[in-house]
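J.: Listed here are the chains, written in short residue letters.
Number of protein chains: 4
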Amino acid sequence: MCGVVGVFCRDENLTSRLAFFSLYSLQHRGQESAGIAVFGDYIHIHKGMGLVSEVFDEKKLNEMRGNIAVGHVRYSTTGESRIENAQPLLVKTKSGALAIAHNGNLVNYQSLREELENGGAVFITDSDTEVIAKLISKQLLNGDVVSALKSVSQMLSGSYTLVMAINDTLIGYRDPLGFKPLIVGEGDFGYVIASESCAIDAVGARVLRDVEPGEAVVIREGEMEFVRVERSDRKALCVFEYIYFARPDSIIDGISVYDVRQKIGRILARESPVEADMVSPVPDSGTTSAIGFSKESGIEYLEALIKNRYVGRTFILPNQSVRELSVKIKMNAVKSNVDGKRVVLIDDSIVRGTTSRKIVDMVRNAGAKEVHFRVGSPPIISPCYFGIDMSTREELIASSKSVEEIREEINADSLAYLSLDGLVEAVGMKKEDLCLACLTADYPVDVSEAAGCRRC
Amino acid sequence: MCGVVGVFCRDENLTSRLAFFSLYSLQHRGQESAGIAVFGDYIHIHKGMGLVSEVFDEKKLNEMRGNIAVGHVRYSTTGESRIENAQPLLVKTKSGALAIAHNGNLVNYQSLREELENGGAVFITDSDTEVIAKLISKQLLNGDVVSALKSVSQMLSGSYTLVMAINDTLIGYRDPLGFKPLIVGEGDFGYVIASESCAIDAVGARVLRDVEPGEAVVIREGEMEFVRVERSDRKALCVFEYIYFARPDSIIDGISVYDVRQKIGRILARESPVEADMVSPVPDSGTTSAIGFSKESGIEYLEALIKNRYVGRTFILPNQSVRELSVKIKMNAVKSNVDGKRVVLIDDSIVRGTTSRKIVDMVRNAGAKEVHFRVGSPPIISPCYFGIDMSTREELIASSKSVEEIREEINADSLAYLSLDGLVEAVGMKKEDLCLACLTADYPVDVSEAAGCRRC
Amino acid sequence: MCGVVGVFCRDENLTSRLAFFSLYSLQHRGQESAGIAVFGDYIHIHKGMGLVSEVFDEKKLNEMRGNIAVGHVRYSTTGESRIENAQPLLVKTKSGALAIAHNGNLVNYQSLREELENGGAVFITDSDTEVIAKLISKQLLNGDVVSALKSVSQMLSGSYTLVMAINDTLIGYRDPLGFKPLIVGEGDFGYVIASESCAIDAVGARVLRDVEPGEAVVIREGEMEFVRVERSDRKALCVFEYIYFARPDSIIDGISVYDVRQKIGRILARESPVEADMVSPVPDSGTTSAIGFSKESGIEYLEALIKNRYVGRTFILPNQSVRELSVKIKMNAVKSNVDGKRVVLIDDSIVRGTTSRKIVDMVRNAGAKEVHFRVGSPPIISPCYFGIDMSTREELIASSKSVEEIREEINADSLAYLSLDGLVEAVGMKKEDLCLACLTADYPVDVSEAAGCRRC
Amino acid sequence: MCGVVGVFCRDENLTSRLAFFSLYSLQHRGQESAGIAVFGDYIHIHKGMGLVSEVFDEKKLNEMRGNIAVGHVRYSTTGESRIENAQPLLVKTKSGALAIAHNGNLVNYQSLREELENGGAVFITDSDTEVIAKLISKQLLNGDVVSALKSVSQMLSGSYTLVMAINDTLIGYRDPLGFKPLIVGEGDFGYVIASESCAIDAVGARVLRDVEPGEAVVIREGEMEFVRVERSDRKALCVFEYIYFARPDSIIDGISVYDVRQKIGRILARESPVEADMVSPVPDSGTTSAIGFSKESGIEYLEALIKNRYVGRTFILPNQSVRELSVKIKMNAVKSNVDGKRVVLIDDSIVRGTTSRKIVDMVRNAGAKEVHFRVGSPPIISPCYFGIDMSTREELIASSKSVEEIREEINADSLAYLSLDGLVEAVGMKKEDLCLACLTADYPVDVSEAAGCRRC
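Protein chains in written order, with full-length UniProt numbering: chain A, 1 to 456; chain B, 1 to 456; chain C, 1 to 456; chain D, 1 to 456.
These aren't lab readings, by the way, just hints derived from the structure by calculation. Among the clues, some could well be false.
Note that the list lumps identical chains together, so a pair holds whenever it fits in one copy or between two copies.
As the list claims (entries may be wrong) - Result set (DSBU-like, lysine-lysine): computed pairs, CA atoms no more than 35 Å apart in a straight line:
(1) K369 / K430
(2) K150 / K92
(3) K235 / K330
(4) K94 / K60
(5) K369 / K358
(6) K430 / K235
The following block holds chain A by itself, in its conformation from the complex (with noise of 0.2 Å):
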C-alpha cells in the first residue's frame, strides 16, 4: 500500500504546496515515509520517515520551486522501516533525470533484477521501484517515454500505478491490469494525478477520470493527454481498495466508496439477519456499513465503543500486570448504551482474531447481554503478492480455521461473513474485473515466483 501523486502548476511557487496538501490528503494510504520531487530549474528532493505533516514544513516546501512535482506515501509493510526505501526514487540517467513513485508489486522482480545485475547493474536499493528505474531508463535510450512504457510493460508482471516525472514531462502510468488505482483531476492551476480522488478534492480541482489499466496520461507544456500503451483481455481492480483502503469520499474507477460500504451492510443485514437491540461499528473501519446495517435491519444504530481520537502511532505498551489494557487504550465502551442489549458489531476484516476478541468480550463487560459480529468482507485465505501488507495479515485465522472456529475464538454468540457474491453486488462490477485473489486463491498473473518476495 502506497499513495502517489503527480501536480503541474503553472505557478511554480505554488507546486511544492499542492503536492503536499495532495499527499496529506492520502496519508490512510501510507504513514511510513513521504517524499517530494520538484522539477524546476533545479531538481528538488525531501524525503523522510514519518507523516507528511513531520516531513514537510513551511521552509522546506518554499525552497522547492518548478512547475512538476511528484510525491509518495508509504506504507510500513515490514519491521525494518528505512530511508532508503522512501520514494520517490530520483535517478540520473542519459535521458535526463527521471523520479519515480509506485503504488504496487512486481511478482516478476527477482528474476528481472537478476537479469539486469547479470549485465553488470548495481543496485542501491531492495527494492522493485529501482528495477523499473533501470528498465524505463534502459529503454529511454531507445525512444520516447510511451514506447519505453510499452516496452517495459512486456517485461512486468504484477501490479505497478507510477507517477513519475522525466525532464519537463509528468507521466501516470496504471498498469494492464488495473490492480491500483490511478486518477486525473484539472485545476486553474493545472492538473493532478492521484491514487484517488480526495486527493484531487483536496486541491480545490475537479475529477477529470480515471487513468484506465494499460492507460498513461501524459502532461508536457501544460498539456494533458491520455495515451493507450498496452491493452489487456482482463482488468484485475483491487477489491479491497472498497472494503478497507480508500477514503469514503473517495469515487474510484466511477464506483463511490462510501455507497460500496453502505451497501456491503445492507447486503449483510440480509444474508445474516439477527435479532438485536442495537447495531455499532468498530470504529472507525466499520462505520459505514454499520449504518447500512442499520437501514436494511431497522435495528437502532448506536455507538457500542469509542475510539481515542488521540492515539498515536508510538505508544507505551502496558507491561505485563497491564497487558489486557492494550485495547482499552484505543477504545472504550460506553456503558450506558450497552447496558442490557443485544449488540451487533461490524467490521470490515477479521485478521488474527485477538482483537476482535477483547472488543467482545469490552463489550460484554460493558453489560451487554448479545453480542453478534458481522464481517463486511469474505474470509480472507490467501496472501496478495499485489502491494497489500499480509504481514499483518499473514496468521489469517480463516485461513486455517472454520467460520464456527473462529466465532468460538473471539467469544461471540453469533458470527457471519459477507459471501463473495454479495460483496461482488455491492461494488456493481463484473467480478471479472476485480482482483478477488485474497479471498479465493485465484490469482489474475502467475505469482509462483514472488512467494518469498513482497513489497510495496
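With the hints as your guide, set chains B, C and D onto chain A.
T.: Then chains B, C and D, alone, in the frame of chain A:
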C-alpha cells in the same frame, strides 16, 4: 481546560504506567503539555510540551517508581505556550513535598497574589496554581491537609478541581461549587482519581463514585476515605462538559455524556424540525447529536463529510493563493451522498462562523440542493472565567449578531440553536445546579476582578 | 563553578547578542546549561541544557529585546543535571521582576532555607540561589537594592558572586570575602559585568576594573557606579581560578592568569629539577606551565601528546574488552618525539590518578626511556565548600596517599608537586588574601553545616 | 578531504566499536557526515550528518554485528551538504554486496559517467564514488577483486584511496600515484586499515606498514596479504597532508608529521629571520611550526593568542554592528604576553587574508609594538583537483597578489612564506614523489576535464 489524574498503586513499578494510561485517555482535555510526578523513595517529575505519548517513553516511565502519582494535561489557552506553565507544579515546603495538578481558574487570583507578595513571597510562574500551592503550604504549617483545604477554600473564588500528592498522601479535591468534574475508581492495583470516568475505564478499574462539590478524597497507606471539606448552597457544574469537552463514553455526576448528546439531537429535532433528505454531523463534534436528530425526525442518517484522520496539530498553511483549502485539508464532502439532496448539518456550536461557512459551501459545491444547520447548544454570548478558553471563542458571533444574521453569514438555508430549556432537559439536572454563565451571562460567583485574567 | 555576565546596552537590539558572546567566552566555566534573561518592554528568559551555542540561535536572540541582560553558564556538578537548575532564576516580587545569576555556594544554606520554610515559604528548586532570591526579595520590601544586599550579606555565609537585574537596574555583587571573581568593562554600547576579563574582550569592550570583595556595581539609566556594601578583615580569593579554572587570557584581580601559570612552571623547575631530554604538557591543562618549566630548566619543549580536538561531551564508552582505549580516544602519544627520550610531563593537578597512570603508560609504550611527572599545584587534600565541584575530585588520591605512593601508582620515574609557598609566589598575592582551603584544610569561614550539601 | 577506515575483527561484537574509535580519531579529516557499514549475517549500514559521536550511539553500534567494517568521514566541500552523499556507498551486485569508502577525486569522472550512461546505467548520486562502484561491479563479473581493481585502475584518472568490503573480504587500495595515504595495523583483535596511523593507535593496534601506491591489502578469513595491483613511474603524495591535513601524531609514508611541521618552523626561521621578542602560533594550525621557529631562532616561545576551546561548527553571527567580533569569538590576545613586544606570528597558510588581518590587528590592539607574519608553506596559487576543497581556499589571495601586497593587506610589519625547496627539505622526500600542484600549477596527471567538477 485541563485534565487531572491521581493514582495510588500498591505495585510501585506500575504507578507511572497507570498514570500514563489514564492521562492518555484524557488527552482530549489538553494537548499543549503533559506531566506526571511520582512520589517514591525519591520524587520524580517529568513534564514536556506536546501529547502524553510524545512527552513520555518506556525509559522515562520505568525510572519513575513509587506508589503515588499525580498527572496533568494542559490545553493551549494562549499563543504563549511555555514549559514553565506545564503541571504538576512541584514545591518543597516545611511540611514536605507537594505536587499539585489543577483544573480550573481562580477569579480572585490578582488580589490573592498581591497579598502574598506583600508578605514577601516571590513567584516563579504566572499561574494561579502557584498561588494555591503557596496558600496550602502556609496552612499546612498549622494543620493537616483537610483543615488546610478548608481554610484555603474560604480564600479562593472560582473553579479549582485539584489532585495533589503530599508526602505519602494522595488527595483529590473539588471546589464547593463543583465547576469541574472529579471521579474516583478502584482497581486491583489500588485507586485512581481522574477528571472523567473514561480514565478509570482506561486502567481497567471500576468507578466508585464522583467526588462531590466541596468534598475531598484522601488516600493514605492504602486506605481511601471521602471527607466533606466545605458546603455550598448551590452547585455550578459546567454544562459544556456535556456539550463538548468530555468524551462521550464518560459518565459525569451520574449522567452519561453520550446520552445527553443524543437527547440534544432529539430535542433539537423537535424544537426546530425541517424537511430534508438526510441528516449529517459535522465530524466529529456533531456525531452523537446527529444520530439523535435522525432517530427523532426519521430523516436518514448519512455522512455528508469525511474527516482526514491524520490532521495533526501543526500543519502547513495554504498560502494566499490556496487559502480556501484550509478546511478542505481537514474534511471533504462525500459527493455521492449529498448530490441533489436537502441536507441537515448538526454541530455542537458555532464560534466565529467562518469554518461553518466553509463547510456549508463545501456541501453545496458537492451538489446539495439545500443545507440546513442545527446547533446542539444555545448561542454563546458571554465569556467564561472558570477555565474554558474563550480566546478561540472570543469573537463570538452570537454576542453581536442575531440568528438570522448568522444564518446569512454561514450561507445556510435555515439555522436553529437548541433552547436553554432544551439543553437543561437533555442534561436532566436542576437548572440551579449547572453553570450556564456563558449562555446567560449570569455568573455563579462575582467575576468582576477576573475580566482581564483568564488561565487554566 | 559557573560563569555569570550582565550587559547594559543602549541599543536594545544588541543586548542579547552581547550577552551571548560574553557567555560564549565563559563556556569553559560551565557546559551543563546556559541561560539569558533580557529585560525590555517584556521580560524574556531562555534557558536550556548544553552549550551556549546549542541553547541559543539567531531567532531566539532576535526575539529577546531590551537594554539589560543577565546570563549564566552552569557546570555539571552532579549526575543529575536538570533544566530546573539552569539559571538565571527569574522571580516575580512585590518590587518587580528579579533575575539572578549566581556563582558560588552558601555554607549555611540549610539553616537559611529552614528559617524561610518556617515562615511559610515554598521552594521550587533545591538551589541556594532560590534562597538568595527570596531573602533579597524580602529585603526589597524595606529598601533599595544596595541596602537589601547589605542586609542579606549579613545573613549569607559562603561564596556568592551575583549578577542581577531588578526592573531597570543591573547589579553585580561580590561577597565580602571575594571568593569568585567579577569584573566590569565599558564599551561603546554600554557596560558589561562578567566573571572574567576574557568576556569583556569578547564583546570588544575595555576593562574598567575588578569589582572588589563586598562591593556592588550598579547600572541604572546608563549610569554606572561602584558602591561599597560590606567590609571584611580578610579576602579569600579562590586560588584555583589561577591554577585551573580561568582562561589563560583573563586578568583576575589585576593578575594575569597566563603569567601565574608560566611562573608555576618556572618555580616547579627550580623546586623539583630533573635530568631529561624534553618537557611536555599534558594537553591542554599543562601547556602554559610546561612552557615555563622548559624556559627555566633549559630542557627542550616538545609535545609528547596530541589531543583529539573533536572529543565532545558525550561519547561511546569502550566496552569491557576495549576499556584500555578510554584515554587513547582523547589523546595520543607522538612516537617520533618521545622515542628513546627522558620525558618530563607537566599537569595542573592529579585527581584520582587513574588518568595520569594511563598517560604515563602511553608515553612509555611510545618509547620513552623515563617519564617524570610534575604537578603545577600542591596536593589537594580537603573538599571545597565554595562552589568547586569535588565530586570528580572527591576520591582525592592525595588525601590518603604519600607522594611516593602516588608516584608508584601512576608508574612515573619521579613525581613532584609545587609547594604551597611556590604557588603563593607564582600568584604574587598575600597568602591571607587567598582561599587555599582545599590545599590546607584551613577554611576562611565555618563550614561545619555545609559538609553534606554542595552546589554551584 | 575525507577519512576512511576498514576493520577486520575476530570478535563480531567488537567490530563496529573499533570502526567507531578509528573514525573518531580521523574526525579532523571530515566533519560533515559519518558512516559505517558492518558485514555479518546481515549487512548493517548507518550514515548521518554531523560528527561521528553525533551519528552513532551505543544502541546503534550494538546492533551492527559482523567481522568486517568499512567507515568514512566526509568533509563539507560545498554549501549543499546532503545525506545522499554520505559514505560508505553500499551497492548490491551480481557478485554480492559491495560497501565502498573513497578518499580522493577522479579527474575523468564526467567521461566515465557518460560512457556508463550510454550503456543504460542510472545514477542515484552525483558522486564519483558511484562511478567507481559501478566499474568495479562490472569487472567483478569477470574475475576476482584484485583483477577488477587492475582493470579499473586503467580507466580511472585522479586520486582514489579506497576501503571496501565485498562479501567476506576487506580490501584497502591506494591509487598508483598514491595521492592520499593509507596504512595498515595489526591488533590482538585482527586488522585495521586507515587513512592515518593515529587511527591505528586509537584502537590499540600497532602499525604494520603503509599501503604503497598501486598496492592493495586484502583480508579474508583472517588472512592478510599485500598485493601489487598496478605500477607507476612516479608518485604524487599530497604535500598538504604534512602541512595541514594530517594529525601531528600520525606517521605517513614513514615520515612523522610532527617532525615535518617542526622542521618547517626551523627552516622558516633560517630563510626569513626577524628581530623579535617572542614567537607565537596562530592556534592551533601554527603550533608545531612556531615551536620549531623558536628553537632555531632563539626567540622566546610565548602564546600571543588563546583559542576558545568550545567554538562549535554552528554559531551565532555577530550582526552588522558587531561584525568585528567574528574572530574575537574564536580567539583572544593575551595582553600580558604581547604588551610592548615585537611579535612573530606563525600560521600554516594564508587563504583569503581577511582572518589573518583580524588576528594581526587583535595582537596590535593588545599592545604589540611590531607584528611579523611567517607562513609554513609556499603561496597557494592553483586549485587542487584531487580531493582538497579549494572552495574555501578559492579566492586565493596569493594567486593575484604579490607578497608585499599581501603584507600590506594583512597589516603586518613583515611577511614571509616558506620556499618550495624549504618545504621539500622539511618533508625529506624526493620532489618527484610529491604532488605540489597547488603550489606550482604543475599537475601530475592531465586535469583538463576536471576543471568544473571537484568532489571528495
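J.: Does each hint hold? Answer for all of them.
T.: Hints, one by one, checked against the model:
1. K369 / K430: This pair counts as between: shortest inter-copy Cα distance 33 Å, intra-copy 41 Å.
2. K150 / K92: both (21 Å within a copy, 28 Å between copies)
3. K235 / K330: between (38 Å within a copy, 34 Å between copies)
4. K94 / K60: Close inside one copy (29 Å), not across copies (38 Å); limit 35 Å.
5. K369 / K358: within (16 Å within a copy, 44 Å between copies)
6. K430 / K235: Only inside one copy: K430 and K235 sit 10 Å apart there, 64 Å across copies, limit 35 Å.
Comparing the model with each earlier hint shows no violations; every hint is respected.
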